[in-house]
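S.K.: Sequence:
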Amino acid sequence: MSIDTATGKEAPADVSTERVKDIFSRIAKKYERFNAVSSFGAYRQWLAGMMRQAPIGADADVLDIAGGTGDVTFSVARAKRPAHIQCTDLVPEMLEVARTHYADGAAEGVSVDFEVVDAQDIPYPDASYDAVTMAYGIRNMPDRPRALSEMLRVLKPGGALVCLEFSTPPNRVWRALYSFYLKHLIPFWGGLITGDREGFVYLARSIKAFPNQQGLADLMRSVGFEDVTWKNYTGGIAAVHVAKKPEA
587 MSIDTATGKE APADVSTERV KDIFSRIAKK YERFNAVSSF GAYRQWLAGM MRQAPIGADA
647 DVLDIAGGTG DVTFSVARAK RPAHIQCTDL VPEMLEVART HYADGAAEGV SVDFEVVDAQ
707 DIPYPDASYD AVTMAYGIRN MPDRPRALSE MLRVLKPGGA LVCLEFSTPP NRVWRALYSF
767 YLKHLIPFWG GLITGDREGF VYLARSIKAF PNQQGLADLM RSVGFEDVTW KNYTGGIAAV
827 HVAKKPEA
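So the sequence shown is numbered by our numbering: it starts at 587 and just counts up by one.
Simulated from the structure, these hints should not be mistaken for lab results. Keep in mind the model is a prediction, meaning the values are calculated, not measured. Careful: at least some of the hints might be erroneous.
To be verified - Simulated pairs of lysine-lysine, DSSO-like, Cα-Cα distance not exceeding 30 Å:
hint: 1; residue 1: LYS830; residue 2: LYS742
hint: 2; residue 1: LYS666; residue 2: LYS817
hint: 3; residue 1: LYS742; residue 2: LYS666
hint: 4; residue 1: LYS769; residue 2: LYS817
hint: 5; residue 1: LYS607; residue 2: LYS794
hint: 6; residue 1: LYS666; residue 2: LYS616
hint: 7; residue 1: LYS616; residue 2: LYS742
hint: 8; residue 1: LYS616; residue 2: LYS830
hint: 9; residue 1: LYS595; residue 2: LYS830
hint: 10; residue 1: LYS794; residue 2: LYS830
hint: 11; residue 1: LYS769; residue 2: LYS794
hint: 12; residue 1: LYS769; residue 2: LYS615
hint: 13; residue 1: LYS769; residue 2: LYS607
hint: 14; residue 1: LYS607; residue 2: LYS595
hint: 15; residue 1: LYS817; residue 2: LYS794
hint: 16; residue 1: LYS595; residue 2: LYS769
Given only the sequences and the hints, what does the whole structure look like? Please build it.
M.R.: Quick look at the structure:
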């Protein structure tokens, strides 16, 4: 079932897909600055935690979904030194920024290729990757079960999906403060840095409408992943889920 990712309610897929393309194509060159300012630098800690949790070996072939400007791709390259990373994103303008970073040496010698890919229809063979990484991606996909099923399909048996996403603080007071931040400060920072306040109103709404940690874990299990675990960061504002493809 396809949903409107801003509300979580059923809607045609192209409603969300076209909105995401439009927003991220416009903010691509300022996206990294927004991440740094709006998270007060915490997103770097989240990426570091993601790398600590990621079961990626030196001979791995890694698929980065919703790779954007390359934050996860280059973090994997530096921390894990895999054989190859395929960095993909729905929005060409985001990947252009990633390519520029790659040309400047951000991968530190690790081989990286780039391709525009819709994660709900991944154009790669079954069982072709040792690991799939994704940050802030699944929340913007209108058919999440289909996207997760595609990630499961391209993973080798025993391979892992490592997913960093905004989530729900378990503490009631912290959750209320975070809700205020999403509603008022995310659009403020977004408008100030990128000039696109309305785009960040959507992003804040999409975070509010997204399932909590248990909900995302249940969704992963429902398409066939197993051994799903998660770790909270910054009081549960973000969480890293790790899910395995069965060996058999």
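S.K.: Now look at each hint and say whether the structure bears it out.
M.R.: Hints, one by one, checked against the model:
1. In summary, the hint linking LYS830 to LYS742 is supported, as the alpha carbons are separated by about 10 Å, within the 30 Å threshold.
2. Distance restraint check for LYS666 and LYS817: the Cα-Cα separation of roughly 20 Å lies within the 30 Å cut-off, and the hinted pair is therefore satisfied.
3. As the CA atoms of LYS742 and LYS666 are separated by approximately 18 Å, the hinted pair is consistent with the 30 Å bound.
4. Of the supplied pair hints, the one linking LYS769 and LYS817 holds, its CA atoms being roughly 25 Å apart against a limit of 30 Å.
5. Between LYS607 and LYS794, the direct Cα distance comes to roughly 20 Å. Compliance with the 30 Å bound is thereby established for this hinted pair.
6. Proposed proximity of LYS666 and LYS616 is supported: the alpha carbons are some 27 Å apart, at most 30 Å.
7. Restraint check for LYS616 and LYS742: the C-alpha separation of about 35 Å exceeds 30 Å, so the hint is violated.
8. Between LYS616 and LYS830 the alpha-carbon distance is near 34 Å, which puts this suggested pair outside the 30 Å criterion.
9. Between LYS595 and LYS830, the direct Cα distance comes to roughly 28 Å. Compliance with the 30 Å bound is thereby established for this hinted pair.
10. Note on LYS794 and LYS830: the hinted pairing holds, with a Cα-Cα distance of about 27 Å set against a maximum of 30 Å.
11. At most 30 Å may separate the alpha-carbon atoms for a hinted pair to count; LYS769 and LYS794 meet this at roughly 9 Å.
12. This hinted pair checks out: LYS769 and LYS615 have alpha carbons roughly 24 Å apart, not beyond 30 Å.
13. For a cut-off of 30 Å, the pair hint linking LYS769 to LYS607 stands: about 22 Å separates their Cα positions.
14. At most 30 Å may separate the alpha-carbon atoms for a hinted pair to count; LYS607 and LYS595 meet this at roughly 20 Å.
15. For a cut-off of 30 Å, the pair hint linking LYS817 to LYS794 stands: about 19 Å separates their Cα positions.
16. At most 30 Å may separate the alpha-carbon atoms for a hinted pair to count; LYS595 and LYS769 meet this at roughly 19 Å.
This entry does not satisfy hints 7, 8, going by the numbered hints stated previously.
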